[in-house]
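So you can see what is in the structure, the chains are spelled out below.
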Amino acid sequence: MSSTTGQGDSGNGRPGARLGGPARGQIPHRVDDAPFQPAEETPMTPAQERLYRASQWRMMWWKLKRHRLAVASGILLLLLYASTLISEAIAPYNLHSRFTDHIYAPPQSVHLFHEGEFVGPFVYGFDYKLNMENLKREYTPDKTDVQPLRFFCSGDSYRFWDLFEADFHVVCPAEGGTLFLLGTDRLGRDMFSRIVYGARISLTIGLVGIAISFLLGITVGGAAGYYGGWVDVGAQRSIEIIRAFPEIPLWLALSAALPVTWSPLWVYFGITVILGLLDWPGLARAVRAKLLSLREEDFATAAQLMGARPPRIIFRHLLPSFASHLIASATLSIPTMILGETALSFLGLGLRPPITSWGVLLSEAQNINVVALYPWLMLPVVPVIVVVLAFNFLGDGLRDAADPYG
Amino acid sequence: MFAYTVRRLITMVPTLIAISVIIFVIIQLPPGDYLSTYVAELAAQGEGVNDERIAYLREKYGLDQPLWRQYLMWAGGLLQGDLGYSFEYQLPVSELIGDRLLLTFVISIVTILFTYAVAFPIGIYTAVRQYSIGDYTLSFIGFLGLATPNFLLALLLLYAANIWFGTSIGGLMDPQYVDQPWSWGKAGSVLAHLWVPVVVIGTSGTAAMIRRLRANLLDELQKQYVTTGRAKGLSPGKLLLKYPLRLAINPFIADIGNLLPQVVSGAAIVSVVLDLPTTGQMLIGALKSQDMYLAGSFLMFLAMLTVIGMLLSDLALAALDPRIRLEGKAAR
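So the protein lines, in turn, are chains A and B.
When you line the first sequence up against my numbering, it's residues 743 to 1148, in that order.
When you line the second sequence up against my numbering, it's residues 195 to 526, in that order.
Since the hints were derived computationally from the structure, they do not count as laboratory data.
This structure is a prediction, so every number in the text was calculated from the model and none was measured.
Here a beta-carbon is modelled for each residue, glycine too, at the ideal position from N, C-alpha and C.
A couple of the hints might just be wrong.
Said to hold, decoys possible - Reference listing, derived: stretches of chain A covered by chain B, where coverage requires no fewer than 3 residues with Cβ under 8 Å from a Cβ of chain B: (1) 872-886; (2) 1072-1086; (3) 1129-1141.
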């Protein structure tokens, strides 16, 4: 007996000891002074009242707000998506501007003080020389050449959304100067501008893809769950078959099948369709499982008895009861699509220039020389990671919030 | 158990047939065939095209047949172990891809072992020490692993391996061992190169698995039987390993089915970056030039690998969990 107790005591610091949740401390004994009246209904405090009257969506919002990380991620994503509306103005240069005398220039850092004196944001110009031994372009900041940045200025002209000519930029290089915040690539194009433009493609591809996947997933999963029987068997089998494929080889095969003659815009749509076509099985399974249990509920039977048709029952009565779950799972699958597009474009089977996505930019960083000599060409991966993480955090928060009564 | 195995094997047949049809259709999707691509290429180079020879080739490989006959020829060949003939390499497909498939297989197995070896202890640790610094750090690294594109990680690791360990860049062995018979030196060299692809392919799967094991274990740890066990004086280690872990591990095994397609497809992209003699480059080339038999048999084998993986995971689950076996029986 004593040995058992001893074991328990000594185990306090070991992994199992903390399993029980909050500490079982002493709770002080307390007696309420108010008279005890069991017959009387307890009046609700204003806070309780608010809680009881809140709609489900409102409660989800309250729960989501407590997830700091999820809210921050959501705001970040909103900002990023908003930026894609005005990419042209945010980028200091046009997508296609080339600077042939600044090929593979390293990032220029923004300074505030020049020789101890405040001049506002500025960059140093470049001293360029070609190292004749290894033919490497060597750029060094020229400490005498101060190039103050201009803000809300006119610079490279562009066609805004391909609608009208404009040359307004939020920030521009000094007249005759350069502003390569993230360096330049092998054609001397500004990486930062290209990343800003790339966001437009990379961020939307997930949305369009998820829309397609949603449509398929809800229809197939809904039909399978609602009708059951052979529809269910058929849907289950096809889901199984699609899931058995290794994703990337299948993407490769499908995107290799896109005709070479297609314009880049069509290829963009083709790729989103491919990404969406392969993503729906997971969603369909979730929808099916939910519907299987929901269709037994009384309100579904009631709708049936009142003569509602299956599509109406599915979309009007059943789906809304777990729409929040669907939104959460959609948020979690957008990153897969963004990564998928990145991978395809990296392999040269996805989007093609002149359409610029983060994957297309990364395909420049395909060999080890880049890592060693021009590491800034790998920078487009930073927004990829940030966006994927943000979607994951937001999705996690949404998933928790989707069940506000839990 | 035997009946379940047989039933599961039988359902595999229509799945495989459907997969082969899909693959065939996808490969046939682009207009034209290998020969028309070839002719166009010759014409572009300004070389004369020998119509008779093209017609002869077309007939020899059955490209003049209707599609369904072509499919039957290909599928029938597969059943007899004849993978067809690669137009581009002018070699039987089996000679071309045999070694590559073997290496894909080896890498996949090692990667899955790696995933388990890493995910298991970390998953348990992060669940037991929830909200500790270790938990946060490991979870953060896991998230980064999920979010970083594989190919970039491959490049960075390759660079690091070259700088720190002097491992030669690319490939699965040092250049002097290529095309040499197997020896201890060669095996060692392969091992030295293998870890980079294994780590790269394994990261995202490992990260996902850690999160799943952590969540499952946390659910179990809050249940009453754990409290009861502790109250009865069960040692913490025993309390953890004997009950909650056994329950939490069930989805872990079901996951092999998900993990394998992921690993195989991860291997395809990483092999391009790392220049591994596995699938990647050759598959892409074959798909682009419509080298029908090569691409088709390649895809078919990759899909088969995952179907078999799913079969194994289902069988393992059935062996562990009697409910799964019995449910199938009741449905019959």
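The hints, checked one at a time:
| no. | hint | verdict |
| --- | --- | --- |
| 1 | 872-886 | violated (count 0) |
| 2 | 1072-1086 | holds (count 4) |
| 3 | 1129-1141 | holds (count 3) |
Checked against the numbered hints above, the structure violates only hint 1.
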